[in-house]
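The primary structure of each chain is shown beneath.
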Amino acid sequence: MRNDYSKKSPEKEVAGKQMHDLMRRLYPICRSITGNGLRETLRILKEIIPLEIREVSTGTSVFDWTIPKEWNVKDAYVKNTGGEKVIDFKKSSLHVLNYSLPVHEKMPLSQLKEHLFTIPEHPDWIPYRTSYFKERWGFCLSQNQFSAMTDGEYEVFIDSTFTDGSLSYGEFYVQGECQDEVLFSTHVCHPSMCNDNLSGVVLCTFLARYLSEVKPYYSYRFLFIPGTIGSITWLSQNESTVGRIKHGLVVACVGDAGKPTYKKSRHGTSIIDRAVLQMLRHSGKEFDVKDFSPYGYDERQYCSPGFDLPVGSLTRTPHGCFPQYHTSADNLEFVLPANLGESFGYYTKVVDILENNRTYISTNQKCEPQLGRRGLYNQLGGRPDAEIAEMALLWVLNFSDGNNSLLDIAERSAMPFEKIHEAALLLEHYGLLREKHL
Amino acid sequence: MRNDYSKKSPEKEVAGKQMHDLMRRLYPICRSITGNGLRETLRILKEIIPLEIREVSTGTSVFDWTIPKEWNVKDAYVKNTGGEKVIDFKKSSLHVLNYSLPVHEKMPLSQLKEHLFTIPEHPDWIPYRTSYFKERWGFCLSQNQFSAMTDGEYEVFIDSTFTDGSLSYGEFYVQGECQDEVLFSTHVCHPSMCNDNLSGVVLCTFLARYLSEVKPYYSYRFLFIPGTIGSITWLSQNESTVGRIKHGLVVACVGDAGKPTYKKSRHGTSIIDRAVLQMLRHSGKEFDVKDFSPYGYDERQYCSPGFDLPVGSLTRTPHGCFPQYHTSADNLEFVLPANLGESFGYYTKVVDILENNRTYISTNQKCEPQLGRRGLYNQLGGRPDAEIAEMALLWVLNFSDGNNSLLDIAERSAMPFEKIHEAALLLEHYGLLREKHL
Amino acid sequence: MRNDYSKKSPEKEVAGKQMHDLMRRLYPICRSITGNGLRETLRILKEIIPLEIREVSTGTSVFDWTIPKEWNVKDAYVKNTGGEKVIDFKKSSLHVLNYSLPVHEKMPLSQLKEHLFTIPEHPDWIPYRTSYFKERWGFCLSQNQFSAMTDGEYEVFIDSTFTDGSLSYGEFYVQGECQDEVLFSTHVCHPSMCNDNLSGVVLCTFLARYLSEVKPYYSYRFLFIPGTIGSITWLSQNESTVGRIKHGLVVACVGDAGKPTYKKSRHGTSIIDRAVLQMLRHSGKEFDVKDFSPYGYDERQYCSPGFDLPVGSLTRTPHGCFPQYHTSADNLEFVLPANLGESFGYYTKVVDILENNRTYISTNQKCEPQLGRRGLYNQLGGRPDAEIAEMALLWVLNFSDGNNSLLDIAERSAMPFEKIHEAALLLEHYGLLREKHL
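The listed protein sequences correspond, in order, to chains B, W and Y. Using the numbering used here, the first residue of the first sequence is number 1, and each one after it goes up by one. Using the numbering used here, the first residue of the second sequence is number 1, and each one after it goes up by one. Using the numbering used here, the first residue of the third sequence is number 1, and each one after it goes up by one.
Among the hints, a few may not be true.
Pairs involving identical chains hold if they fit within one copy or between any two copies, as the list cannot separate such chains.
As the list claims (entries may be wrong) - Straight-line distance between alpha carbons at most 35 Å, and here's what the computed DSBU-like set of lysine-lysine pairs gives: (1) K290 <-> K419; (2) K419 <-> K134; (3) K90 <-> K17; (4) K134 <-> K436; (5) K436 <-> K246.
Derived from the structure by calculation, the hints contain no laboratory data. Remember, it's a predicted structure, so these values are computed and weren't measured experimentally.
Isolated chain B (complex conformation) (with noise of 0.2 Å):
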């Protein structure tokens, strides 16, 4: 039999609190899919949980990809005539694009634009682009800091560097009683953003130092990777025992105030899918539910045919749903401490679930047993309703045959499985339930 799964889920408000101020920490910081930034952010990640720092170097394979060189970037500006700098890296990290050339050149506005990056519709917001594989330098502004440049000479200047050097990532495990795992991962290489992914980081941070404290039943692995690369470079690297993930989820866009949306793994009907859409019916919220697509973060290389993993996404609104998604106005104040605290319910109240989903055998297989007699049952009848918790104990009992577990009883039920377990609890404390011995 299982251990209990001591449940000490430290409050939402305290953790939501506690989140950002790691988010407000971490938020000035130029991170990338290499560089001294992402290795910086894992450090400070390693202050809570005692994280591996991993690095990959630079040419390695990792199946059909290569590790980059690695880059790093010191300083940029863009100086006008009068030597003002118009665009300043040490105010955003945004403002370089990520993965920039070096560059110190003087050129007129008409060549420099070529090179610059604005969102017209959000005169005030600077965007986030990337050129991770395809050399070339350039600056992400505003577009109101744009239409302030005048004609003439500027001074271009990308003090960056490419190195044989490494991809770093975050690993750590959780190891509980049996050697399953559940994942999660999340991505860590994109710069002063919030929602994506800041939000992810922490919120991941805080639920790994939260299952290290409990003596779950599952192992959990969490990984802060850089996307994409840093999926697929962990794959690559643990092909052999990829196959003890049997729940996971990739954690991106926690921290706005939209509604939880849920997007299935390839399969559509893991357990993981059910254990989310279980706590999402019963949240009180309403909620979205999406489909697998081959898009998104690296639930892509999880879901490739060659893993397949039963990995969905959980997210407040997905990735491209919200105007702020790869600007500078995702920003401190778009993520507010509380909706990190009730994602990180959400995630609790799974991981809830997957600890105590269990299958049960009612020792009473022919008619109900006499559960009045055990003081189970009111015993004045007649009435028109049964409670709540005697219609859970009907439930777990008519159905624990042997064939459903627990969150198929409360699937079928209707019922919240919170309540489904308590009941198993309770009957299994009177001997009308034992687990089932798989």
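Following the hints, position chains W and Y against chain B.
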């Protein structure tokens, strides 16, 4: 080949009237899960159908339960200081808490109150309450009666006995052509209330009489049992032959004016479920369908996992969903002969479907046979529509490939079962169809 | 690997015009299920496609049926006492009840009336009526003509013959790369009516010509047959090779302005059902889908249980559902070239889907291949949306695990089949996909 099930269903109006007359006779009797009221009720039914009355001794173990002591009550009242009976069992069998301990005491109202049950929201109605498995005494009364009771001493008298006796139930078996059984089970333990469940008792009685007069294919078993403990007892004593039950219905609450409501068996797609839905879909009436839940009447026991019988329940308004439920307002005016007759019609139609649901094989599997040459198809071609009867012939011919029963064909064609059945008989007559020998 | 099916679909406008011209030529001919009108029609089609004209002798047994005597009619009229032809076969081939016995008599109107057929609700229209298998004679006329007939003697003349001849049908086979066949079947027995079914006849003719000019993967079989007796005859004579038919459509009523309507095969989920639905879903038009029923055209025979071929029917407004159905109002004005052209486009799109529906295997099963490096993916990262073409690449890559055909992927992605097919060709070109060898 099966004999023809010769249908001679009584007119619904006649049946409704007869059922209501029987109900009127049974109404005053104080029934319980054991005792003379129950026995007397079964004896009256025996005047109509030769049922067996079975007695199971107090103390007998039936699965997790034990047959209780037999309870009988001769008289009961509460007298005020003036010697006036303010509660009188002789006026309604509901006044005594069912399975009340005997008592003869004087006590002040303040003490008596703890033993009184009312329904404040319906001040004229007496509730029905029971305490089968916890020893106590009590009275049920209307809120108006209760409000009229002034402070003072009351004489409390319940002349009840608990003896080592037996639990009684009635069983009636109609031998059909084969050993496969259809079960109709109804609870007969409720005192003076009509919809729940004298309606079920009288419908089963007349349905049983009807089936004993035809030559059915199936054998039919009717159980008139006390709720819960009765079905548990019967299952416990018939464990080895329970597998003969191929279809079944729990009959209750069939006398109110509400729309028919079908509660599915645990499987949800058994033949009985499909037969009832087929009947309802073509009844021309609104109806409700509910999935199985492990609450309600004796289907809880028949559908316990160790039996998992294909037993649903066909009612009008289900238990607990009409305000008169378990009160004195569930009386002879609440249940009308016309409603009973209509319900009787629903049940006989279900029986028709079960009886006639055979699987045939078309003798022309390749292309249609030439119906016109046999006079089965309109010879004047070119008109826009085929007749319903012609369509039924075509459906039966095309789908009688050995894999589809007539019920399958009725479902797929969305035509009423009886049209499909008529078409099959006609085609069989012309040698275009033969019954599949299983 | 399959040859590339080289698509050179004619323009719909051109095809529509050509089909309507052919229809105009065929319109006056008096066709029936046998006889010279039918033969003449097939001879005209042979000018466009080299079809085989087959003759099956009167008296031949075809399953439960027998080839009837050959019917021909030279002239027919009804003359009033003034010698005026009030009904004249030369004005419309519909005037004679199809398969009418010969007659030459004088009789009063009262007697003649029993042989006259009209449509009172459409007083201008002549109905189309037949009596293939019951011997009688009759005339069809407009209600207005009928109303104008005064009492008196009429000369009735039908110069028809019944001879031991044959039933004629046309068959055209396009040899593809493989022996698997696609069947297009159309009934050619109706006299002067355009939607039902000269529209089907001309569409099949031009579709056949088109397919004979490309190099298809499948072999295509076109049947121009009298309704019912024709398909029964063909099935009876080709029983041993019928299994080659992997997909099929019955072609009828494809010339009116109504929305496309698909009637599914008996299976309901055959490739042909899915291909037609795929086409319709992305046609940008409203459409109707109906489940199989054993009534309609020759799908009744192809889908009889002993054959159960995957044959559906793609029409515009289905038979019997337009008021002009089986009347003289189903004429050259009712069917427009544009409608024929549009229907032709639906059919060629279905053929495209069948031809191109292959199953591929991604050469990178584990994680995505790096599309950017190959120029297949936008190199500027960070933008909110992927292009449709990029999404198609990702869908094809993720689901090309050997279990999903391109049609499966189109359905799951809700993208048009042609986008998915284009993506597959591009990926195959880059060596990222190879066809699965079955």
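Structure-based check of each hint:
In the homo-oligomer, the alpha carbons of K290 and K419 lie at most 35 Å apart both inside one protomer (27 Å) and across protomers (22 Å), since each shortest distance falls under that limit. For the identical chains of this complex, K419 and K134 are inter-copy neighbours only, at 27 Å across copies versus 54 Å inside a copy, given an alpha-carbon limit of 35 Å. With identical chains, the CA atoms of K90 and K17 are at most 35 Å apart within one copy only, with a shortest distance of 27 Å there and 70 Å across copies. In this homomeric assembly, K134 and K436 come within 35 Å of each other (Cα to Cα) only across copies, at 33 Å, whereas the closest approach inside a single copy is 56 Å.
In this assembly of identical chains, K436 and K246 lie within 35 Å of each other by CA distance both inside one copy and across copies; the values are 19 Å within and 30 Å between.
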